[in-house]
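Chemist: Position chain W relative to chain C; hints supplied.
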Amino acid sequence: MATLEIRDLHVSVDTENGPKEILRGVDLTIAAGQTHAIMGPNGSGKSTLAYSIAGHPKYNITSGTVTLDGEDVLDMAVDERARAGLFLAMQYPVEVPGVSVANFLRTAKTAIDGEAPKLRTWVKDVNKALSDLDMDPSFGQRNVNEGFSGGEKKRHEIVQLELLNPKIAILDETDSGLDIDALKIVSEGVNRFASQGDKGVLLITHYTRILRYIKPDFVHVFVDGRVAEEGGPELAEELEANGYERFLKAGAK
Amino acid sequence: MSAAETLVATGNKAHSHGPGSPVPLQARSERPTSYDVADFAVPNGREEEWRFTPVKQLKALFEDAAGTETPKVDASGPEGVVFETVAADSLKVGKPQDRSAAIAWTHAGEALAVRIPVEAELTEPVHVNVASLGGRGFSHLIVEAGRHSRAIVIIDHTGAGELSSNVEVVVGDGAELRVVSIQQADHESIHLAQHDALVGRDAKLHHVVVTLGGKIVRIGTNVRYAGPGGDAELLGVYFAEGGQHHENRLFVDHEATNCKSNVLYKGALAGDHARSVWIGDVLIRAAAEGTNTFELNRNLVLTDGARADSVPNLEIETGEIEGAGHASATGRFDDEQLFYLQARGIPEDAARRLVVSGFFNDIIGKIGVPEVTEHLHDVIEEKLARAAELSASAKAVVGQ
Chain C
1 MATLEIRDLH VSVDTENGPK EILRGVDLTI AAGQTHAIMG PNGSGKSTLA YSIAGHPKYN
61 ITSGTVTLDG EDVLDMAVDE RARAGLFLAM QYPVEVPGVS VANFLRTAKT AIDGEAPKLR
121 TWVKDVNKAL SDLDMDPSFG QRNVNEGFSG GEKKRHEIVQ LELLNPKIAI LDETDSGLDI
181 DALKIVSEGV NRFASQGDKG VLLITHYTRI LRYIKPDFVH VFVDGRVAEE GGPELAEELE
241 ANGYERFLKA GAK
Chain W
1 MSAAETLVAT GNKAHSHGPG SPVPLQARSE RPTSYDVADF AVPNGREEEW RFTPVKQLKA
61 LFEDAAGTET PKVDASGPEG VVFETVAADS LKVGKPQDRS AAIAWTHAGE ALAVRIPVEA
121 ELTEPVHVNV ASLGGRGFSH LIVEAGRHSR AIVIIDHTGA GELSSNVEVV VGDGAELRVV
181 SIQQADHESI HLAQHDALVG RDAKLHHVVV TLGGKIVRIG TNVRYAGPGG DAELLGVYFA
241 EGGQHHENRL FVDHEATNCK SNVLYKGALA GDHARSVWIG DVLIRAAAEG TNTFELNRNL
301 VLTDGARADS VPNLEIETGE IEGAGHASAT GRFDDEQLFY LQARGIPEDA ARRLVVSGFF
361 NDIIGKIGVP EVTEHLHDVI EEKLARAAEL SASAKAVVGQ
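If you read the protein sequences in the order shown, they are chains C and W. When the letters of the first sequence are read in order and numbered with the UniProt record's numbering, they come out as residues 1 to 253. When the letters of the second sequence are read in order and numbered with the UniProt record's numbering, they come out as residues 1 to 400.
Everything labelled a hint here was simulated from the structure, so no lab data went into it. Heads up, some of the hints might be wrong.
A few chain W residues facing chain C, derived, Cβ under 8 Å [claimed, not checked]: (1) Phe339; (2) Tyr340; (3) Leu354.
Just so you know, these numbers come straight off a predicted model, no measurement behind them. The beta carbon of each residue, even a glycine, is placed where N, CA and C say it ideally should be.
Isolated chain C (complex conformation) (with noise of 0.2 Å):
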């Protein structure tokens, strides 16, 4: 069974005026079966512990560990820590002109697996996971991520999720953007992938909308750079009722 395990994780960023500490010592552990929503107000990092997690050259860890199952994450190249069974579903997906999104996935599949997947039932599970995703089959010719709306975005992420199946999902503000309808459909694609009882999820958002969809066993709230509270779906009806004011007010002392 999958563990993802934070401990003690300093981040910074290279800004105009020196490295600017943006993580401050997160612990956290992430077993498979669980569900673990992070939220908190905007500028907390909460993203920043997404994209280190996954490797992003943009950040640099001054400390801490992150292991999956014991192997150290931080020492692998990103597409290592893809192939070891991290995944990431982007705030902001990029677009690569030119490649569509049928050659996108297949490579990625043959990367993650480690040889090509058989022809006739791949065609079938990309079409199957891109019409579970209310997305047509003919997104398979088109160019990824490229004039799709930001909809379609995040919808295309679950749609890599379901058919690369890693071990631990992160989801950085997959809700973002999306209306009702679309936050069910991606709330039911990340409540199937999670079904098969062997995945972890780490789900980041600002708001407790998307918890109404996908039920956290445990919700942390991250401030200034670390986790200041911790608890069950309650800590989530809280913040639904009073918002993230009695936190910032501790922050701000």
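Modeler: Chain W alone, transformed into the frame defined by chain C:
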């Protein structure tokens, strides 16, 4: 490309068409042409048409003297195609626009003419190979597609040496001709060329310039229309590596009515002093009502130390046109694309290949000659592998 695209270098500093724009010293149509070498001084690099070119390395090709070799020209094609040797000035569709073209015209002496008979529909491409043999030489080709014919002519430039060439293309009324000129001589070679095409009434020309090899390759392509309804699609692909200079200069002269031109040139650059130049001149004369033209140049800069210049120019003398536009963009390799692909498990080198092949994908799809596109694909892969080695060794040096 994405919004993250950055402008690296364009020849015209600001993009302005409004009042106060600098007036060119000379309209494109007024640039002199001549068959007489004496009408062109030896370029010093300050001339408009030479200002991007490393003229100091072209001394031998500016010398008004016979070649030290005759390049080896082999031609073959399906039944019906006629090959014959003719006098250089038997057609005169082309007229040299610079010194090197005039010298090539004079000293090639003869031309190889490839004639596609009237109404012939060729099922196989015609192949012409021009091989430089190590010296300084000249070549002259004439391609004439008869009325209502359909054909593909592939001109492959190989070998090593200094070559200056003229290519004249005539597309008969209602004909469809595809001419592909491939430049892949060895690393130290120099190739200067002028292509002139005359597109007949309701005829269609696809002209494709593929530059993969050579230290300096400079191709001027000029298109005119012999009657209304002509259509010219001008495509170019280049990939300049360290120390290579790939230059393409286009001039589409719209004088007949209801003609179309569509220019698409795409290039990649990798390595120290990799250099590309693209000049796209389009002139819509007062008589050319109903013209529809668009030109686009895109450059993808893969490493530091490379430079792409891109200068589109549009002169319009009538408002009675269907459309006219141009676009140019030079972007660096987008690291966010790389991150996205790697985050899906795709190794870095494969991700780079995917992004670059994606960049060239649309233009390669338009070339429409499988043997050319397959070869192009292979050579791009080789060049990317070399670029990857370069950046890996650069990283190793930085990391020390």
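Chemist: Closer than 8 Å between Cβ atoms is the bar; does W:Tyr340 clear it against chain C? Give me holds or violated.
Modeler: Holds - the Cβ of W:Tyr340 comes within 8 Å of chain C, reaching about 4 Å at its closest.
Chemist: Closer than 8 Å between Cβ atoms is the bar; does W:Phe339 clear it against chain C? Give me holds or violated.
Modeler: At 6 Å from the nearest chain C Cβ, W:Phe339 passes the 8 Å test, so the hint holds.
Chemist: Taking the closest Cβ pair, is W:Leu354 under 8 Å from chain C?
Modeler: Holds, about 6 Å.
In this structure, none of the earlier numbered hints is contradicted; all agree with it.
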